[in-house]
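Enquirer: Okay, here's what each chain looks like letter by letter:
There are 2 protein chains.
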Amino acid sequence: MIFTYMCQSCGCSFRSRDFGTIERFVEPCILLLLSKEPAHGYGLLEGLETHCGEKVDVGDLYRTLRRMERDGWVNSTWERKENQRDRRIYTITEEGRAFLKHAVASLRQTDELIHHLFSGYRKVYPEGKAL
Amino acid sequence: MIFTYMCQSCGCSFRSRDFGTIERFVEPCILLLLSKEPAHGYGLLEGLETHCGEKVDVGDLYRTLRRMERDGWVNSTWERKENQRDRRIYTITEEGRAFLKHAVASLRQTDELIHHLFSGYRKVYPEGKAL
DNA sequence: ACACATATATGTAAATATCATATATTAGTT
DNA sequence: AACTAATATATGATATTTACATATATGTGT
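Quick note, the sequences are listed as chains L and H, same order. So the first sequence is numbered by the working numbering: it starts at 1 and just counts up by one. So the second sequence is numbered by the working numbering: it starts at 1001 and just counts up by one.
Hints should not be assumed to be uniformly reliable.
[Claimed, not checked] 30 angstroms max Cα-Cα, derived DSS-like pairs, lysine-lysine:
| hint | chain 1 | residue 1 | chain 2 | residue 2 |
| --- | --- | --- | --- | --- |
| 1 | H | K1101 | H | K1123 |
| 2 | L | K55 | H | K1036 |
| 3 | L | K123 | H | K1123 |
| 4 | L | K55 | H | K1101 |
| 5 | H | K1055 | H | K1123 |
| 6 | H | K1036 | L | K101 |
| 7 | L | K101 | L | K123 |
[Stated by the list, open to error] Calculated Cβ distances over 12 angstroms to all of chain L for the following chain H residues:
| hint | residue |
| --- | --- |
| 8 | D1018 |
| 9 | F1025 |
| 10 | E1054 |
| 11 | L1061 |
| 12 | Y1062 |
| 13 | R1063 |
| 14 | E1079 |
| 15 | I1089 |
These are computed hints drawn from the structure, not numbers from a lab. Glycine included, each C-beta is placed from N, C-alpha and C at the ideal position.
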């Protein structure tokens, strides 16, 4: 048995990092936030924490944004203002909106798989209605 | 723009592999199947394809099973029968059931995050009821 | 003898996530 | 003036996870 992780929500311990994370989930979250208004990387942090359920790694965020720009999902321009450090402002593109739409559709399938697991679990482990 | 992937369900294209996959989702699926009855690796393939929504890499499956045994979630014994190749039969352990329970609880949070994204998406892109 | 399905397993590379660190600017404090 | 902290962007190094290919062995049918 190699248990190295202690779960904060239910107190149980298990191997490595938290379970249930969706690969690159931060990307549609970024695109949704940028759909509302352009923003700079640091300014996205708070909204992303809400959407992702935990603090987002800042370094990862910046690297992701550059990658998304390389892939054509966002554009960026430098914003220069008095009494403020230069910020790189990101704007969503049409390709970005297309991917967001796809991601949402794809996550519906993911959602179905999760609920399929839930129903299977309930059948095998009934023990009361609440879980 | 670097689009290298063509989505089979909606026809759109985007970078790298399919979106929406949950890290190590195969593990609770394996544990759920083994909760019903012991099984060998190859015999799990069909059930896992249903639960995971696509074919599971066979090599990955075997490696995952050995890792889960190392972590104490399953046990294995060799089954020897006439007219049949030796099979390694896996059985779920108490630790395995504990992790499955945790995984289900954790996936409920994942589910909430997905639906939070959905509701945010609907607000920004209303366009009709159905999506 | 051959092809094919079953069955288990490993090698290698790519993609992704994590943790640490570097750099620069602004605002407030001692 | 020196310091501390928050803001802001970015990279280096490592670990984890996934994907794809390959190796090996057995049983079944032709």
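Enquirer: State the violated hints by number, sorted upward, taking the hints as numbered earlier in the document.
Expert: Those not satisfied are hints 1, 2, 3, 5, 6, 7, 8, 9 and 10.
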